[in-house]
Amino acid sequence: MIPPTHPEDTALAYVQASAALLDLPLDAAQAARVAVYLARTADMARVLEDAPLEVADEPVALFCPAPFPEVQP
1 MIPPTHPEDT ALAYVQASAA LLDLPLDAAQ AARVAVYLAR TADMARVLED APLEVADEPV
61 ALFCPAPFPE VQP
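Be aware that the sequence shown starts at 1, since it is given in full-length UniProt numbering, and climbs by one per residue.
Check the hints yourself; a few may be wrong.
Pairwise CB distance ranges (calculated) [as the list claims (entries may be wrong)]:
{"id": "1", "residue 1": "D43", "residue 2": "Q72", "range": "53 to 61 Å"}
{"id": "2", "residue 1": "P69", "residue 2": "A19", "range": "14 to 22 Å"}
{"id": "3", "residue 1": "V71", "residue 2": "P25", "range": "49 to 57 Å"}
{"id": "4", "residue 1": "D9", "residue 2": "P69", "range": "54 to 62 Å"}
It is worth saying that the hints were derived from the structure and are not from the lab.
Cβ coordinates follow ideal geometry from the N, Cα and C atoms, glycine included.
Just need the whole structure built from these sequences, with the hints factored in.
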């Protein structure tokens, strides 16, 4: 198999390989539609990854579990 040269081709190859691995019956048109959305999602993720953020820009939410209710014997 010749490696893809365009991002759209890469997304389509990934969708086709994943569908085959998961035994999902996707025809060529369905795989192409999924690849469009996958490439679009990857583009959005790339934009977010390139945003210059400092540690203080996104404070961490602390998980504080609620106490267990008391059990009456």
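Results for each hint:
The supplied range of 53 to 61 Å is met by D43 and Q72, whose beta-carbon atoms lie about 57 Å from each other. Separation of P69 from A19 is about 47 Å and departs from the stated range, judged on CB atoms against 14 to 22 Å. Here the CB-CB span from V71 to P25 is close to 52 Å, well matched to the stated 49 to 57 Å. For D9 and P69, the hinted distance range of 54 to 62 Å is satisfied, since their beta carbons lie about 57 Å from each other.
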